[in-house]
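Enquirer: This is what each chain is made of:
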Amino acid sequence: MKTVQKVVNPVRRAGEQSPGKIYDPKLKVRARREWRGVKDTFYDYTRWLYLMSVLGRFIIVPRNVKGFFRYRWMMSYLFVPHGMDKFTVGLRDEALRLAHTSFNFVIADVTQAIANCFRGDRRVGNDKAYSDACVVTDENSMVTFMMGFDTKKVHTILREVPTMFASNIFHQFNVMHYLDIAQQYGISGDVCPMPEAEAGISIDDDFCVLGCCAVQNNTTCDGSLMGNGIIAKRLEREYGIPTFQLATPLRHKEPDVMDYAAQEIKNAIAFVEEHTGVKWDWDVYFRAAKRVNDATRCRIAQLEINSTPYPQFFGAAFSLYNDTNYMGNSGRNADFVKIDHKLLALAEKGYREKRMYAKEYRHRAIVWGVQPQYVIDMLYWLVQCWGVMPLTDMLSVINTDMIAEEDTPENREQAYRDMAMLNMEMIMRNHTHGGYKVLLDDLWELCEKMNADMVMMWEHMSCKALTGMHGMFEEQARERGIHIMWVSHDLCDPRVFTRSAIRDQVSAYMRTVMREEPLDPSLENIPDNEAY
Amino acid sequence: MSKFVKIPLVLLGTVLGFFVVTFTVYFFNLDMKATSLLAPFLEKWYDHLERKQYI
Amino acid sequence: MRDLKHLQYFEDLLQVANNALITQAREEGKVCVAYTCENVPEPLLNLDRAFSIRLHAPHTGSMDIATYYMTNLLCEPSRALLERAIEGGFNFADCVITPDGCTMMNRAVENMELLKTMGKDNPNFFHEYMEIAFKNTDNDVNLAVLQCKNHILTPLHEKYGIDISDEAIRKAVAEHNEICRLIRAIGDFRKEDRPRITGYEYHVITLASYVCPKHLIKAKLEETLEELKTREPDEKQPWRARILLVGSEVDDSDLIKLIEEQGAFVCCDRFCFGSYPGRNEIVLNDDEDALTQVCRHYIQNCQCPRMMNMEKVYGRKQYVADLAREYKADGIIYEQVKFCDPWAYERTLGSAMLKDDYGYPVLSVDRPYSIASSAGQMRTRVQAFVESIEIKSIQRGGKA
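Protein chains in written order, with our numbering: chain E, 1 to 532; chain U, 1001 to 1055; chain C, 2001 to 2400.
Keep in mind the hints are simulated off the structure, nothing from the lab.
Computed beta-carbon distance windows for the label pairs:
no.: 1; chain 1: C; residue 1: Glu2326; chain 2: E; residue 2: Ile300; range: 55 to 61 Å
no.: 2; chain 1: E; residue 1: Ala301; chain 2: C; residue 2: Asn2122; range: 44 to 50 Å
no.: 3; chain 1: C; residue 1: Asp2234; chain 2: U; residue 2: Tyr1054; range: 40 to 46 Å
no.: 4; chain 1: U; residue 1: Leu1042; chain 2: C; residue 2: Lys2328; range: 50 to 56 Å
no.: 5; chain 1: E; residue 1: Met1; chain 2: U; residue 2: Gly1017; range: 57 to 63 Å
no.: 6; chain 1: E; residue 1: Lys349; chain 2: U; residue 2: Tyr1054; range: 51 to 57 Å
no.: 7; chain 1: C; residue 1: Gly2376; chain 2: E; residue 2: Ile300; range: 56 to 62 Å
no.: 8; chain 1: E; residue 1: Asp504; chain 2: C; residue 2: Ala2375; range: 35 to 41 Å
no.: 9; chain 1: E; residue 1: Glu238; chain 2: C; residue 2: Glu2326; range: 26 to 32 Å
no.: 10; chain 1: U; residue 1: Phe1028; chain 2: C; residue 2: Tyr2068; range: 49 to 55 Å
no.: 11; chain 1: E; residue 1: Thr408; chain 2: U; residue 2: Leu1030; range: 55 to 61 Å
no.: 12; chain 1: E; residue 1: Asn451; chain 2: C; residue 2: His2215; range: 56 to 62 Å
no.: 13; chain 1: E; residue 1: Thr400; chain 2: U; residue 2: Phe1028; range: 41 to 47 Å
no.: 14; chain 1: C; residue 1: Lys2149; chain 2: E; residue 2: Lys152; range: 41 to 47 Å
Only some residues are given here: those of chain E computed to face chain U with a beta carbon under 8 Å:
no.: 15; residue: Lys28
no.: 16; residue: Arg30
no.: 17; residue: Arg72
no.: 18; residue: His82
Listed next, the stretches of chain E that the computed footprint assigns to chain U, with coverage defined by at least 3 CB atoms under 8 Å from CB atoms of chain U:
no.: 19; segment: 45 to 51
no.: 20; segment: 203 to 209
Built from N, CA and C at the ideal position, the CB exists for glycine as well.
Work the whole structure out from these sequences, hints included.
Expert: The following block contains the structure:
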């Protein structure tokens, strides 16, 4: 089997050494916050203050209070500081700053998204003029088809992001209600719980209602595609909001799907123009394209840092930021550029100073598959408890090609193809769909490139695209001498696999197969199954 | 005490007081503990809201 | 009723995937094109010397090896096919053409390819994967044309020298239509108040038309149609209700038999590889090339749940309601194979809309690939459904 050289951290971590002590089984939140030494605790405290100010500024707006008491999922956002604790467990120095910088920016973005939803929502803010300028899209939308619309004139509302995706990160039980509703109305319990929960939210009438039109897509999976019908029926028939289904080819590596995909983008743009009355602006588009390329360059640099013995970018905060930037932003918001460069500068500093996230790195792992929403802190736990360094996760392995960014007649036609390419290569589906090569071969290439000896395989049990290749992963990993550690979960339903059941799979593998003992025994059994 | 001494002292005291209170809340996670006590009542509230539930 | 003369013959053809007619056709020098999804235009797989065989796995028992490769979380049809392929049950195929339709079936075929389950002694053997349409727009027709050229016509021509000309396509469509007309004419007897064919018999015949070389069963289909014209239905009808069956593929005719044993006559079939819409005739004109017309036919007629635009989403329910009216169905059974994502949602939305918007009693069930493993449960559900239809009928003043 392949082995990698162990890297030992010569520097003792500031503050307390066993973050496992801050968990209390009697509480649904941490017993206290972590002591990280004076400097880092003070930094963490200031970031907490910042978060409090973001939440405070949100809740002083009367319509947001009204929305808070109307929508069940809003309860999750009471636990944003708890989410921050999950994202920063055991972190110090640059790692802590990287996590806070990315996490806090995402929180500000999500908070703004909720405020926008409430402003236009017919039940809450009912700002009709604003609502008429809104285009509602899916949680799994690449919003490339909005890149050429002036953000001051047309507002893109990814209403499923705050409602389902982000809310589940802060409150692990919050989605269960919607899953129960969906299943009560007959949807099977064996489909992916994410689109199922979204369908449940629609059935439960717990989505904000706004927008002059909506664009849905099939980017992730069969379940996601199919859930759209249920949601669109309510949007169209009850609320009179016309919907457009943006079809995105699955076999995205085949050149013979490109014309179709590009035409679909054109059709989506035409639909938005028709319903908003706002014309596509090529200046706006190419400015956004430049920002997309800038983010791509930053991402390539990040991956290079992570292929060294001193990786700096990993974990939930980073991947969540990456998701938001790549998918939900797609170059439309200039603020992301500043954050991209700030993150890169922090990582480069961390790399120069050989900062490490744990006492030692015993293994270098690629994390493949889809992470569970409710154990979002798992990768921090993995490195600190077992010394397994996650070099990158599947959801962060996305496009590295540059798109046309100069406004020329040829590039305007190329732009549709670029948008189509980005849309097809959306996070996750760029590996889960498009044939087995992008799922299997890409993984082994990445293992080689990043010098990984281990794959931590998230087996999201309802993700058929992934589990359908289970045996092939096993066989091909064996042929290559790569350790493959299976960790099953059910994405956002903690009743199927609890947090400890998920971690126990890793611990069992590390003890029985790798014959190793934990680096930090205080973390091995964390009593957080009942915590939010 | 002159005004030039008093004002900075009051400011310092305010800042210090703010720091002591908020840091205590922060470090002992009092914000989240209080919120977790509130959550069951909120859940009941959401359970009792009238909704137009259909597929 | 007297048994149909050829029923046993058709039943025998369904007992194994590699049936006698496939062997016969290959001995005639024909090329066997295996496929797994109704979204592949069937006539294009029957050009010139080629004949299409839809893969199925009758009498599936253990799926242990396929479950190792794909886990027990994937639908049973996909695992059953992989298991059968690993066992060598599909070695008759000269190529496999699969659309990336539902993920699970696509993964099943990808596993077949990676495990090299077929084509060991055939250097020309190939796997092709197609992108298929999501909507019914011109853009989708263009996509389908290109995909058929690149993933069906070109490889068949290059590997096996199959004639892929416009004339060849028109000839294949004409032959396809002959089978469709026969199947439809046989099925039309189900509309009668005293039907002279059972849903079970019809399913066996229809399924045979997908899993056998068509030219070798045509004569038996014609004979069966003639026989039905004079077949006398029983004086006392055993049926308590007429049922339209909608959902994912039914490869196990025993499911239909089980439903009918409870007194529910399966008067119409709207499931993958059933006769609706799979046995609709393709009408060609001389103004446009045949390939484009075939592709357009498949896109416009497609009732697959993965067609995602709302015109199609609503249209599928209207289609079911129209069939129910045409075949005088008293109720509708929406079924799905367990773990089937597309039908899990379609079943839910369809059963709600057919009940709420169209007023039909609906039974919504999931089921295994082979009904034998869950017969008791299904029997109870159907019995209860039939009784509920009868009670509603009594309440409306009808007879039980």
